[in-house]
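First residue of the sequence shown? That's 1 in UniProt numbering, and the numbers climb one at a time after it.
Do not take every clue at face value.
[Said to hold, decoys possible] Think about it this way: if two alpha-carbon atoms lie no more than 27 angstroms apart in a straight line, the pair counts; the simulated BS3-like pairs of lysine-lysine are:
#1 Lys59 / Lys100
#2 Lys39 / Lys58
#3 Lys121 / Lys159
#4 Lys121 / Lys58
#5 Lys155 / Lys165
#6 Lys100 / Lys155
#7 Lys121 / Lys165
#8 Lys58 / Lys100
#9 Lys59 / Lys121
#10 Lys121 / Lys155
#11 Lys59 / Lys39
#12 Lys121 / Lys100
In short, the hints are calculated from the structure, not lab data.
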Amino acid sequence: MYNYLDLQGSLSTCRGVCTFLYYSDSRRHLFSIQIPLEKQPVPGYPEFPITVGEHIRKKRMDLGLLQREVAEIIGVTESSIWNWEHGTEPELQYNPRIIKFLGYIPFDCPDDTVGRLAWYKRAMGMNLDHLGEAMGRDPEQLSDWLSGRHNPFLKNREKIEQYLKNQETFLLPEKK
1 MYNYLDLQGS
11 LSTCRGVCTF
21 LYYSDSRRHL
31 FSIQIPLEKQ
41 PVPGYPEFPI
51 TVGEHIRKKR
61 MDLGLLQREV
71 AEIIGVTESS
81 IWNWEHGTEP
91 ELQYNPRIIK
101 FLGYIPFDCP
111 DDTVGRLAWY
121 KRAMGMNLDH
131 LGEAMGRDPE
141 QLSDWLSGRH
151 NPFLKNREKI
161 EQYLKNQETF
171 LLPEKK
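Go ahead and model the full structure; you've got the sequences and the hints to work with.
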């Protein structure tokens with residue numbers, strides 16, 4: 001009996017000859033079996049990533065890279081990549097390099113002014129001192145706004161809006 005496998009797209013067809021013995025009388029029967037093949041998911045592949053680490057793992061697996069190779073690209077240790085992929089949140093300073101590696105910003109941009117400022121701070125990897133210096137604001141005042149302890153008055157919200165509009169990276173494509 002000879003069988004062969006003929007792959008055609010997502011269907012596999014097995015054709016051959018099968019011999020059945022019946023009362024010592026040999027009968028030959030031709031058969032054709034079609035088996036739909038589905039691509040098996042790779043273990044650990046995040047279909048719908050949520051955390052930054054899941055976004056990194058998905059991109060890494062899509063590109064066929066090792067954690068060591070991604071670590072070299074981003075400029076961190078291999079253990080940092082492993083930690084991020086297993087739930088540890090990256091430090092702010094690495095976010096710009098992570099975003100550059102991914103090609104998009106892996107977290108949502110809120111609609112409100114203060115939320116967008118916090119999103120910008122996170123995407124740019126800035127601490128309060130750097131953001132305060134860039135905006136010409138006291139870091140303590142920014143901390144109050146971003147933590148929700150105080151809301152900026154209309155005049156300050158307008159200045160925040162103007163600052164965000166003047167930043168080129170604010171227009172980067174968002175999460176995919």
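Hint check:
no. : hint            : in the structure
1   : Lys59 / Lys100  : holds (12 angstroms)
2   : Lys39 / Lys58   : holds (16 angstroms)
3   : Lys121 / Lys159 : holds (16 angstroms)
4   : Lys121 / Lys58  : holds (24 angstroms)
5   : Lys155 / Lys165 : holds (15 angstroms)
6   : Lys100 / Lys155 : violated (34 angstroms)
7   : Lys121 / Lys165 : holds (14 angstroms)
8   : Lys58 / Lys100  : holds (15 angstroms)
9   : Lys59 / Lys121  : holds (23 angstroms)
10  : Lys121 / Lys155 : holds (20 angstroms)
11  : Lys59 / Lys39   : holds (18 angstroms)
12  : Lys121 / Lys100 : holds (16 angstroms)
This entry does not satisfy hint 6, going by the numbered hints stated previously; all others are met.
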